[in-house]
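Chains V and F supply the protein sequences, listed in that same order. Sequential numbering of the first sequence, starting at 1, is according to the numbering used here. Sequential numbering of the second sequence, starting at 1001, is according to the numbering used here.
No wet-lab data here; the hints were simulated from the structure. You may find that some hints are simply not true.
[Said to hold, decoys possible] Pairwise CB distance ranges, derived in the manner of DEER restraints: (1) V:Asn74 <-> F:Asp1064: 44 to 50 Å; (2) V:Leu156 <-> F:Leu1077: 16 to 22 Å; (3) V:Ala104 <-> F:Phe1073: 29 to 35 Å; (4) F:Arg1094 <-> V:Gln113: 15 to 21 Å; (5) V:Leu114 <-> F:Met1091: 46 to 52 Å; (6) V:Phe133 <-> F:Arg1062: 35 to 41 Å; (7) V:Pro139 <-> F:Arg1094: 16 to 22 Å; (8) V:Met151 <-> F:Asn1102: 28 to 34 Å; (9) F:Met1091 <-> V:Phe6: 38 to 44 Å; (10) V:Phe140 <-> F:Leu1107: 33 to 39 Å; (11) F:Arg1106 <-> V:Val152: 25 to 31 Å; (12) F:Phe1073 <-> V:Thr20: 28 to 34 Å; (13) F:Val1103 <-> V:Leu148: 29 to 35 Å.
Don't be surprised by glycine CBs; every beta carbon is placed ideally from N, CA and C.
Given next are the chains, with one letter for each unit.
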Amino acid sequence: MSTFYFIAFLSIFFSILVITAKNPVHSILYLILTFATFTVHYILMNAQFVAIVNFIVYMGAILVLFLYTLMLINLNKDSEPQKSNIIKIIGFIAGGCFLVAVVAALKAYQTSQLVVLQNPNLGLVKNLGKILFNEYLLPFEVSSILLLSAMVGAVLLATKEPKTT
Amino acid sequence: MKTLNDSIQAIPLNHYILLCSIIFSIGVIGVLVRRNAIVIFMSIELMLNSVNLLLTAFSVYRGDATGQVFVFFIMALAAAEVAVGLAIIVMIYRNTNSIDINVLNRLKW
Chain V
1 MSTFYFIAFL
11 SIFFSILVIT
21 AKNPVHSILY
31 LILTFATFTV
41 HYILMNAQFV
51 AIVNFIVYMG
61 AILVLFLYTL
71 MLINLNKDSE
81 PQKSNIIKII
91 GFIAGGCFLV
101 AVVAALKAYQ
111 TSQLVVLQNP
121 NLGLVKNLGK
131 ILFNEYLLPF
141 EVSSILLLSA
151 MVGAVLLATK
161 EPKTT
Chain F
1001 MKTLNDSIQA
1011 IPLNHYILLC
1021 SIIFSIGVIG
1031 VLVRRNAIVI
1041 FMSIELMLNS
1051 VNLLLTAFSV
1061 YRGDATGQVF
1071 VFFIMALAAA
1081 EVAVGLAIIV
1091 MIYRNTNSID
1101 INVLNRLKW
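Chain V extracted, bound-state conformation (with noise of 0.2 Å):
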């Protein structure tokens, strides 16, 4: 019980610090860190397709291409222009109205039962697998389409040569 408490510490902590960093690769570092709590979020729900996807999908790949990204873009002049602090002001009071405004729904709603696990293999991948050619077939084609066409666009956008003017 208490584990989930101090990961979920973990959890907000990082991804605190990957809105604070200056630094854009400390940034992406700390959100591998906290890519990594999520992880053992999902195997404390044994949830054990998810965190698998999560690690190689979010860690392995999502991250890459950021880091990757990061190299080609010359960042060197390190100090990125901020913004003005009533700008600052604005977006952390506009974050806390979203927040206050959830927990009090959460308040309203009172009653708060336990996360029982009453199946132990809802998220193993047999079970899943099932589900997901069954009944959700038509969504798993399209979103291999989808992701084909992210693939061209995403090839056409960046081999684009730059304009010559």
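Could you slot chain F onto chain V? The hints should help.
Just chain F now, with coordinates in the frame of chain V:
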């Protein structure tokens, strides 16, 4: 496995919702506050991940595996979005030599 199942049984659902909404609002604040386009993208990833965690928690709570299938689709969508978005950022950097999003305010007109 038995000890793992015992270890999650004492956590109320509200605590999962609270954790996910805190991380989601951190992502919202990151989008609003930062000017670096890559950090804004990372904040969007943070928001998508908090939604994934909440969907998985609800799926375990209800005993219904559909939520975890949706997490799978959201991950596929996030991969496509990141690929296209980072390609756009690289192209913006080539054309303007900056990834400051205030350079893009000409998109308003």
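If any of the earlier hints don't hold here, list their numbers in rising order.
4, 6 and 7
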